[in-house]
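Protein chains in written order, with our numbering: chain U, 1084 to 1396; chain A, 4 to 529; chain X, 18 to 94.
Just so you know, these hints were derived from the structure itself, not from any lab.
Glycine is no exception: its CB is placed at the ideal position from the N, C-alpha and C atoms.
Hints are not guaranteed to be accurate.
Unchecked claim - So the derived list for chain X, only partly shown, Cβ under 7 Å to chain A, looks like this: (1) LEU52; (2) THR53; (3) SER56; (4) VAL64; (5) PRO68; (6) LEU71; (7) ILE72; (8) ASN75.
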Amino acid sequence: MKEKKRPAVRIIAFLMILSVILIGFSFLFKPKSAAGCIADEESSSLDYVVIGDSECATGFSPMELWKKYGYVGYNCGVAGQRLQECYYLLEQIFECQSPRVVLLETNMCFQSRSDIRMAQQAVDHVAGNIVSLYEYHDQWKQLLFPNEGETAARNTANVNKGFRTTFQVTAYTGGNYVIPSSDVQEIASAQRGYLDQIVSLCREKGAQLIFYSTPSPINWTYQKHNGLADFADDNNIPFLDLNLAADMEAIDWSQDTFDKGDHLNFRGAAKITQYMGAYLSGTGLLPDHRSDAAYAGWDEKLQAYLVGTKQSS
Amino acid sequence: MQYNSLLYLLVFLPVVLLLYQLLPQRHRWKILLGASYVFFFLLSRKLIVYLLLSTVCMHYIGLWLERCDRVLAGQKDAQNYHALKTAADRKRRRILWLGILWQLGTLLLLKYFNFFSHNADALLAKLSLPAFLPTLKMAVPVGISFFTLQAISYMVDVYKKKMPTDENLGRLALYMAFFPAIMEGPICRYGETAMSLYEGKPLTYQNMSFGIQRMIWGLFKKVVLADRLSPLVVLIFTKYTQYSGVTVLLGAICYTLQLYADFSGCIDISIGAAEMFGVRLPENFRQPFFSRTASEFWRRWHITLGAWFKDYIFYPLSLTKGIKRLGKKARLKFGRHIGPVVQTIIPLLAVWLSNGVWHGAGWNYIFFGLYYFVLILTGNLLEPLLAKTYTTLHVNRNGVFLRVVQTLKMAVIIVTGELFFNAHGLKAGFLMLRSIFTNFSLTVFRDGSLLQLGLSAKDFAVVFIGCLIMLAVSIIHEKGVHIRQSVAQWHTVPRWCFYYAAILLVLIFGAYGSGYTPVDPLYANF
Amino acid sequence: MNQLLEILEDINPDNDYLAETKLIDRGLLDSLSLLTLVSEMEDAFDVEITPTDLIPANFNSAVAMWSMIQRLQAENK
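Given the sequences, and given the hints that come with them, work out the whole structure.
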């Protein structure tokens, strides 16, 4: 029982061995290839990414840009995502991809979460950075069953390049929602903090950050627009508010939304994507990869995409 | 802040432990109280007012009761002492009722007003009368169902002179707000926990080690088992019309497992955290699925709630004059076995209605309470008959065969009860129950539709193995073995390997992080 | 006291009432037995047992019960 007399030594020894075990397992669990950070896209293959919440996920179709301009990118929108999580996601994206353009859908800027939940996420994020086992613990599924990828689900996601396609129509009947106002709804300080971090992360990585707002009578107001325009101005970020874009093919609210003006369906998303494509081609920031042999896979996916979206049979 | 979040486990708790240890013993309770109020404030913000009011109310009721006694004691030699005592008793009873009404009133107003106004208005509408009761939008502070019961038990115990009034408001406040138990209990009794909370015992190696182990076990149940089952349960209970009988049955079984793993897991985390501070909270579960009767189930499941209802509703009601008279008549008429059972009908009904209503404002909860009322009452009534039958048939009441039959019977009873408990309304409960019998087809096992419920084959495997571990631990506990003490006797190498394995098991197979939605503790909403 | 022991034996003969001091705490008397016990005590000793008297301290042992009965009898006079 001599050992019981020096608990401090024993506790330290216990913790040291624990750290070694955690480091070992972290090494084992960290995904080997960078692929997998955005579905199974090759690392460093994408030129742009779109980030945001469900407004983004359902409202932007990268395949349309490939078809028309040969731009390669991915819709990384996550339903219900907040700026904080979006920032963490972007950090992760930059680990395996080096996009030249980051398109940020702005609806997240006005979605808040309780302080306690944000603090919880921040702690989780730090823990994941220190002990990657915490972040990649679910890899046991791949480690124990290496041959059994959930390929089917993944492939459909990849055909659409992250775009969540919906064809349903449930009309918005509320009439004109663009009511000019000079009032400003400021971005709350917690959200602003993460927005600042996203701005500086993009600068550091040499990516052009572009804000855009998906048309949505349910979520959008002129006051929010003013708040965003102020922020974009202060930070020299291009800001495209598609609720106000007169030169865009107008959204037909009886046809282009699947949930009464909250989100867009495929028809609406196609209009958004066309408009953004025209804008991007004007900037000359993105190269055309259509004749690039390394991107031959995109053409195969495009055929599947066209069938899936009923543009060809 | 969830008990299973890193923010709580690796930031909040260690900071509190450190501050606690740094302070001299007599000030330590202040750290616990401060931490508890911070914890409460973070969760419920200004609703902390309700906790404060509740605490101050019980404090003054206690003081008032004590003053009555002092006044009476001073008049001991008076000639009309008997009359004075009667008057004082009446006054004390009124004071107690005032306190109870205050506490219950707040709870009822916050949790049940809308249920009441809703149903009253619906009734008025049926009678073609105009509805007049409004629907109020009220935020409910965390843990109010739990701390209200603690306040009432304190006042009643002081009234019954089970213990003296506590003049220390700080100690009462800590008893009411102690952060490890504020969200989901266990429901404490003042006489059992208040003093050890206030004592400020120094941290010891043994308490820390045992406390952490208990918390890891709780995390295993909550994060590995309960949270992994959550998507399947949510899906089946919301879209029950789309599934066949087997799937609905699977949903009910999985919910029962999830509820047990979630609730008992969170309680383990609570008891473990308290243990680190040298505070022993009451146990809330004792292998409930090994029960042989419905009433035994409630002595093993959510023990502190059952005990509260027994002590503060069942006995007091059973011993009121009217009911005692009823019991005497019944004994004369029905004999010594049935007589007492008849005496308990009204108190039992009150207990089970309260139990149902306590869980929430919904007819399915009331049904859930009445369901157990009927089961327990029938069990009590049939007991003499059963005993006779077993003796005539020479069945050993402790034999293996009977145990198996009784355990299976209880499994059916428990799962059915939890199905109604979690159903989205009473009607949904009946529809689900009906579909189990009318829409029963085994094809789901062949066509792979079980894997469309939000859980992959790997998830099912984790759940299955996790349940086996839970079962093994339950059997060991049932045999009376204290696992942590036995492990402490092991040699260092196997012992540490055991600890590391436990930590890794939770870390790797936990259903948390990307791809999983965080699940709030299920009982925090009751 | 003997009369009390007889009542107890009658209700549940499995317990050793002279030695056991934790009848309630250890759950040796269930709620139905306890209620039977209370009403039989009331009949046998002509006392009234109220909810206030129903605390473990009064029922944990035969001795405790006996002293409660004597106290109640004294108060009645």
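Structure-based check of each hint:
Hint on X:LEU52 holds. Least Cβ distance to chain A is approximately 5 Å, under the 7 Å limit. Among the interface hints, the one on X:THR53 holds; its C-beta lies about 5 Å from the nearest C-beta in chain A, closer than the 7 Å criterion. A least Cβ separation of about 6 Å between X:SER56 and chain A falls short of the 7 Å threshold, and the interface hint therefore holds. Restraint check, X:VAL64 versus chain A: the minimum CB separation of about 12 Å is more than 7 Å; hint violated.
The beta carbon of X:PRO68 is positioned within 7 Å of a beta carbon in chain A (closest approach about 4 Å), and the interface hint is therefore held. The criterion of a C-beta within 7 Å of any C-beta in chain A is met by X:LEU71, whose closest approach is roughly 5 Å, and the hint holds. Because the beta carbon of X:ILE72 sits about 5 Å from the nearest beta carbon in chain A, less than 7 Å, this interface hint is met. Interface hint status for X:ASN75: violated, as the beta-carbon distance to the closest one in chain A is roughly 10 Å, over 7 Å.
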